[in-house]
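Q: Next come the chains, spelled out residue by residue.
Number of protein chains: 2
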Amino acid sequence: MAVYTDVSDEALEAFLADYAIGGLVAFRGIAEGVENSNFQLRTTQGDFILTLYEKRVNVRELPWFLGLMQHLAVQGVTCPQPVADKTGTTLKTLAGRPAAITTFLPGVWPRKVRTCHCRPLGRALAQLHEAGRSYAPVRHNSLGPAAWQPLLNSCRSGAETVQRGLEAELDAAFAHILPLWPGRDGNPDLPRGQIHADLFPDNVFFLHDSVSGLIDFYFACTDILAYDIAICLNAWCFDVDGSFNVTFARQLLQGYQDVRPLSAPELAALPVLARGAAMRFLLTRLYDWINTPADALVTPKDPLDYLKRLRFHLATENVDGYGV
Amino acid sequence: MAVYTDVSDEALEAFLADYAIGGLVAFRGIAEGVENSNFQLRTTQGDFILTLYEKRVNVRELPWFLGLMQHLAVQGVTCPQPVADKTGTTLKTLAGRPAAITTFLPGVWPRKVRTCHCRPLGRALAQLHEAGRSYAPVRHNSLGPAAWQPLLNSCRSGAETVQRGLEAELDAAFAHILPLWPGRDGNPDLPRGQIHADLFPDNVFFLHDSVSGLIDFYFACTDILAYDIAICLNAWCFDVDGSFNVTFARQLLQGYQDVRPLSAPELAALPVLARGAAMRFLLTRLYDWINTPADALVTPKDPLDYLKRLRFHLATENVDGYGV
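First to last, the sequence lines map onto chains L and X. Sequential numbering of the first sequence, starting at 7, is according to this note's numbering. Sequential numbering of the second sequence, starting at 7, is according to this note's numbering.
Because the hints were derived from the structure by calculation, they are not lab data. Errors might be hidden in some of the hints.
The list cannot tell twin chains apart, which means a pair is met if one copy fits it or any two copies do.
[To be verified] When the alpha-carbon atoms are kept at most 30 Å apart in a straight line, the in silico DSSO-like pairs for lysine-lysine are as follows:
| # | residue 1 | residue 2 |
| --- | --- | --- |
| 1 | K307 | K61 |
| 2 | K314 | K98 |
| 3 | K307 | K92 |
| 4 | K314 | K92 |
| 5 | K314 | K118 |
| 6 | K92 | K61 |
| 7 | K118 | K92 |
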């Protein structure tokens, strides 16, 4: 669920009076999402999303996220566009939380990924990268390689309760991945820019097999562009049983290259980037798995799904393994 | 939250093909509600609600509920109207659950009850009762007085852990309420009909201080009409600190009597009906409080809120106490 903070109808009416988007017609909490509280808001002028930012989002970073979404939307990316109030402000306060209204996007996220989703996804990702080039502000990736060792250290005792030998396996994977990481330890760097960094199926809406919306930009950051593809390889191209679907991967990469052809060094780096992406999601899931109280509203996701992916990518020697 | 069962986009598309309500445009889970899974569904023809009925609803009773909503909607009550598929069927199956599409209602439920809500609420309740007169099928109230003793018996050991002396206090309240209950033990009966039986603020949408929607009819049943008023006295007329708000009650009763004047026996019975209503919600909350696992998605509501209400109604000797 995703309503941690409720909004009184009186407070909402007062809040809407700051905007020139018409009068309140309907207001319902949205069940999807785990980080923030989201509401579907209808006014006499149309549909919007109201987001209250909860404690895992750093308030000081919100202008960067809202600025990126504004920039991308203006460039034609189908992402939520922040709506300014009558004074031109997009980041406001409601019910004691930072709050913003964004445009509503049609579409349905794919509960089960099919081949037909992957090429449009790849194209949309490349379009996002291209559109982000002209957004100059930088946001460091707070869940990049430098964060993984401290994350693992905070999970060491719990890791063994999740699976015997997990701690040693992750240590070995680290020792392998980090020295190969582009831009670290004197390795040549790869093209960088604004990446989504969390483009899982529930963040991509489709309508008639076209991408109609990319949402939830609150992990977006400035990082290696091809790392965003590596995240999608992990998030979209494994079947429920953990087996890799090379058809999905081929379509994803073809779609991406329809818009933004990858250089030879980017293609060559995909296996290590995919290993890193698997590591990043494994570690945050492991952390949540160990640290989520039993009575929490959100059920943590199984970190071991990502151990399977990590092993697959460690065994994948070059980009041929991804169908290219 | 209220999405226990998710629906794949493929299954949804196939399901919608049975209807003549246009193509899929958007689909989001609704956070509100605790019994069933609800989704806001947009098609090219408008907005709808899709409900998947979860295990606490008896499938065999769904035709009664859907029939009542259909009947009330046709009579002009602003309640969800079941939408029939191309074959005229309203109750169908989706994702292995009984499922129905109903019309979307605008409005916002009042997070904080104000005086301006109570007279429109009373009128809407009386209109519901009047419109229900011509709906002949009967549904026994499975949470009526006959159910209270078994419910309490199943909570006896837990009751004392919630509050010392609670078991004895409830036994004494039973011994007082049941012999006075209209229609029992040779007591004269009161007018009966279709009642909502769960008309809490989150089931009533308002728009510009008018009632724009009554929702969630899955506790509706055939019972004493004035008992529905007694439920609203409990659900709407107590402040957060547990103190009774006689202004709200007066407005509620005035609104009701604007449409359907109450007889002297109905007015005289309000205190005992209100005690019974407090008992009913106290007992189901107590049961849920004791029996909800710590990791459940829904946080149980504090039963002691209703102990305060029960004590108030026990101390209220006649309808004057409700502002009449």
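Q: Of the hints given before, which are not true for this structure?
A: Violated: hints 2, 3, 4.
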